[in-house]
Amino acid sequence: MISSFFASFNVVSQCRRYRVSIWTCPPFLFIVMGVVNIVGMWVTYLIASRFSDDPAVAIASVSIMTAFLFIVGHAIVASFERLADAARIKSEFISIVSHQLRSPLSAIKWQLEIILEQKTTISGEVASTLETIRAQNERMIALVNDLLEVNRIEDDRLMLRPILILLNKFIDNMVTEYTPRAKNSNITIKIDQKDHDLWVFADESKLRWVIENLLDNSIRYTKGRGDINVRVSKSGDMCRVEVADSGIGIPLGDQQKIYSQFFRSENALRTQAEGTGLGLFLVRELTWAMGGKVGFASIEGKGSTFWFTIPIVEKKNISSKEK
Amino acid sequence: MKNILIIEDESALQDALKKVFTNEGYEVAQAFDGEEGIALALKKTPDLVLLDLVLPKKHGFEVLQEMKQNETLKSVPVLILTNLEESEEVMKAIELGERGYLIKANYALKEVLAKAKTLLE
Chain W
1 MISSFFASFN VVSQCRRYRV SIWTCPPFLF IVMGVVNIVG MWVTYLIASR FSDDPAVAIA
61 SVSIMTAFLF IVGHAIVASF ERLADAARIK SEFISIVSHQ LRSPLSAIKW QLEIILEQKT
121 TISGEVASTL ETIRAQNERM IALVNDLLEV NRIEDDRLML RPILILLNKF IDNMVTEYTP
181 RAKNSNITIK IDQKDHDLWV FADESKLRWV IENLLDNSIR YTKGRGDINV RVSKSGDMCR
241 VEVADSGIGI PLGDQQKIYS QFFRSENALR TQAEGTGLGL FLVRELTWAM GGKVGFASIE
301 GKGSTFWFTI PIVEKKNISS KEK
Chain X
1 MKNILIIEDE SALQDALKKV FTNEGYEVAQ AFDGEEGIAL ALKKTPDLVL LDLVLPKKHG
61 FEVLQEMKQN ETLKSVPVLI LTNLEESEEV MKAIELGERG YLIKANYALK EVLAKAKTLL
121 E
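If you read the sequences in order, they're chains W and X.
Under the working numbering, think of the first position of the first sequence as 1, with each following residue one higher.
Under the working numbering, think of the first position of the second sequence as 1, with each following residue one higher.
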């Protein structure tokens, strides 16, 4: 704590982090302002005590010092504007680039879909190569989507389009979807629906995204080490979904950092070189946006259990049509 | 036979959409910019319009607006196919009365087709 207090005075390194020159760097300008303030008071005191019979002199010196403070204050505001501009340009840049990337990616996706539909005319080897291309293209699309989502969260522009969802069925479908992938890694996904008829009011694609990420992580970091258990239950006025694996786990020292953007723990990097470190950040942000919470328990080498909650919609509040 | 108008400037995407819808037995008309799109819509009165948003000559929103102001075209369902999904775009599309909004990169042709079929029913 003491070191972080002193670090806050290390203006040069702070300014380097902001990538602005020292004269346009807010922390430095604040120090300048403080110094001007202290010097100003002493000068005013000295002048006033020497010419104490004329208050106009004291007022004039205070006014001059105040004018100086105004100038420094103005420079501080201007530098904050520059930093805000830089953040805005970065976010627009990500948004434009990502959208531009999506165009060719969707063209590849659709054209490949058409080719892969004509299974009879392509040989097995070509088909499997095309399938690899398709999977890689999907990875790229997912990556662009993640970048866009992170960008939206940072700009406070996340938009949810909630609908009524029967959570039990939703999770069932997703587990079925993930079963072949898990099988390829010698993993069985077991599902345990402790409570039934759990309805939630959530954005379908965001909810899907959260569950996909938890299942995906479990499979990636469990490879050949056991099974995955998905539990769906009711906990007060919330639904709780748990994904428990017996994978590599998270080292104790890294457990506080796993929700940070771009963070990947040492053992995760060793097991799976690929990954952006955005997944759990997004899981947490999206769950929060839907009114829920996230958490985990993990022991390195033994496995991890990730959970999230989402508010239940009471049965009496659902019209018979939607049931 | 149902008539579908595809307004999309990217020819790779036009091709793919055309193939899928022709295979399903639909009659497909293609427009590569907004102006051509609205002209073809007026001429053919399609049963469904697949509309991209970022288009040369006339933006997709303008096309949508002009369709909504036209007596014969205002009841034609429009399925927006775009890669833009910032809240302003989605909100504007809803305001202008779109019937579906799909992000091209996130949907397979099969899913686009399924959505189109529900709009044609």
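In case anyone wonders, no lab produced these hints; they're calculated from the structure.
If you're wondering where the values come from, they're calculated on a predicted model, not measured in any experiment.
Do not rely on the hints blindly, as some may be mistaken.
So the derived list for chain W, only partly shown, Cβ under 8 Å to chain X, looks like this [said to hold, decoys possible]:
#1 S103
#2 L105
#3 A107
#4 W110
#5 Q111
#6 T132
#7 Q136
#8 I141
Every residue gets a Cβ at the ideal spot worked out from N, C-alpha and C, and that includes glycine.
Comparing the hints with the structure gives:
1. S103: holds (6 Å)
2. L105: Since chain X brings a Cβ to about 5 Å from L105/W, closer than 8 Å, the hint holds.
3. A107: holds (4 Å)
4. W110: For W110/W, the interface hint holds, since the closest Cβ of chain X sits about 4 Å away, which is under 8 Å.
5. Q111: holds (6 Å)
6. T132: Check failed: Cβ of T132/W comes no nearer than 17 Å to chain X, outside 8 Å.
7. Q136: violated (14 Å)
8. I141: This interface hint holds because 5 Å falls under the 8 Å limit.
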